[in-house]
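Trainee: Residue strings, one per chain:
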Amino acid sequence: MRSRQAIALLALVGCFVALYLWLHALGVGGPLKCGTGGCDTVQTSRWAVFLGFPVALYGVIGYFVILVVAVAALRPAALVQRKWNVVLVGLASVGVLFTIYLTYLELFVIHAICRWCVGSAVIITAIWIVAVKAMRSVQVSSDSY
Amino acid sequence: MRRFYVVFAVLAVVLGIGLFVLLRQGGGASAAAAGPPPTVVDDGFRGYTMGSDDAVVEITEYSDFECPFCANFATIQMPTIKQQLITTGKVRWRYRDFPLPVHQYSRYSAHAAHCAGEQGKFWEMHDQLFYHHQWAQTGRDPAGLFRDFARDVGLDLQRYDACMTAGRYASRIEFSRQEGDQKLVNGTPTFFVNGKMFNASRATSDAFKAMADSIIAHTPPKPRPREDR
Numbered sequence: 001m002r003s004r005q006a007i008a009l010l011a012l013v014g015c016f017v018a019l020y021l022w023l024h025a026l027g028v029g030g031p032l033k034c035g036t037g038g039c040d041t042v043q044t045s046r047w048a049v050f051l052g053f054p055v056a057l058y059g060v061i062g063y064f065v066i067l068v069v070a071v072a073a074l075r076p077a078a079l080v081q082r083k084w085n086v087v088l089v090g091l092a093s094v095g096v097l098f099t100i101y102l103t104y105l106e107l108f109v110i111h112a113i114c115r116w117c118v119g120s121a122v123i124i125t126a127i128w129i130v131a132v133k134a135m136r137s138v139q140v141s142s143d144s145y
Numbered sequence: 146m147r148r149f150y151v152v153f154a155v156l157a158v159v160l161g162i163g164l165f166v167l168l169r170q171g172g173g174a175s176a177a178a179a180g181p182p183p184t185v186v187d188d189g190f191r192g193y194t195m196g197s198d199d200a201v202v203e204i205t206e207y208s209d210f211e212c213p214f215c216a217n218f219a220t221i222q223m224p225t226i227k228q229q230l231i232t233t234g235k236v237r238w239r240y241r242d243f244p245l246p247v248h249q250y251s252r253y254s255a256h257a258a259h260c261a262g263e264q265g266k267f268w269e270m271h272d273q274l275f276y277h278h279q280w281a282q283t284g285r286d287p288a289g290l291f292r293d294f295a296r297d298v299g300l301d302l303q304r305y306d307a308c309m310t311a312g313r314y315a316s317r318i319e320f321s322r323q324e325g326d327q328k329l330v331n332g333t334p335t336f337f338v339n340g341k342m343f344n345a346s347r348a349t350s351d352a353f354k355a356m357a358d359s360i361i362a363h364t365p366p367k368p369r370p371r372e373d374r
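Chains as they are written, first to last, in our numbering: chain A, 1 to 145; chain B, 146 to 374.
Bear in mind the hints are in silico, worked out from the structure with no lab data behind them. Misleading hints may appear alongside valid ones.
Claimed, not checked - To give an idea of the chain A side of the interface with chain B (calculated C-beta under 10 Å), a few residues: (1) Cys15; (2) Val17; (3) Leu19; (4) Gly29; (5) Lys33; (6) Cys34; (7) Gly38; (8) Thr41; (9) Tyr58; (10) Val69; (11) Ala72; (12) Thr125.
Said to hold, decoys possible - Some chain B residues well away from chain A (every beta-carbon gap over 10 Å; in silico): (13) Phe149; (14) Phe153; (15) Leu156; (16) Ala157; (17) Leu167; (18) Gln170; (19) Gln229; (20) Leu245; (21) His277; (22) Thr283; (23) Val298.
All residues carry an ideal CB built from backbone N, CA and C; glycine is no exception.
For reference, chain A alone in the conformation it holds in the complex (with noise of 0.2 Å):
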């Protein structure tokens, strides 16, 4: 259960971090707040758009389906429910390889940090560990039986 929560909480951080990122492709807002990041040298990149929408779009829907598909695994019924791990290891892995993608486009494309994308991979590495752990953890108890 403990796993469960700390992924909707997590999911939610990383819900809002791509739609601030996300408001900004829209133009609203003033320019990126980065410290002494290249942010916009990576959101003005031909990059930043991905089949035809804003990359930070992806971030929104996938944060928000891994938190919805979370917060739905923590009613009573499905506590006991494997499948729920198997979901949210599946949604994050999807995410962790995007982020990969991303995060070598920065790196060695680009050649620009944004620390905004640099805080989502944090997030959605730590959501995908958990999700792993989590999975595991029921497997090696139901094993135990």
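Once you have looked at the hints, place chain B on chain A.
Mentor: Same frame as chain A, but now just chain B:
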């Protein structure tokens, strides 16, 4: 479980407030650098130049960093012109600002280039602004992106920020625009070859090379200084 939903709700509210504050904060293009100055003063500046002072041919370009034609010229024609005419000492290139009123960030981008020029990096910033021209198509405040450019070309960011906030070169940019008006510049880019307007529709590297070679061929060589024995 109830405690979790309380934590969840509190976190959502905190993040929502944080997002609202982030979006409300300004810090974008300073009005002093983005708009025309209240007064225009001639400080004697006549544009940044590239190439030999002894070149027989001088080409003056009136340009606007937000103009797509100027970006095309800078990225497609200019590298060849640099290689064939400027580095060979045939041509001296002079850049003058002509911010068009239809563009929202023309003056601001010109200002970013002048603030870079203050630190000896005008042409580096010129290239950043033209080679990453996506900023001109989004309509978004480019202040943060230009600051990234400033960092990338190695500017002292504190000096750059101070220059942009103060709008230090707004008068210089407007003076250049007024000068362009007097020379009947009505679009960008507009070129003058040794003071005579050059048909912009022919503004290719080949056309400039032909023109420069023709002028050089018809210019008598400078007399060599006599050597005393």
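Trainee: Which hint numbers does the structure go against, in order from smallest to largest?
Mentor: Hints 9, 10, 11, 12, 13, 14, 15, 16, 17, 18, 21 and 22 are the ones this structure does not satisfy, whereas the remaining hints hold.
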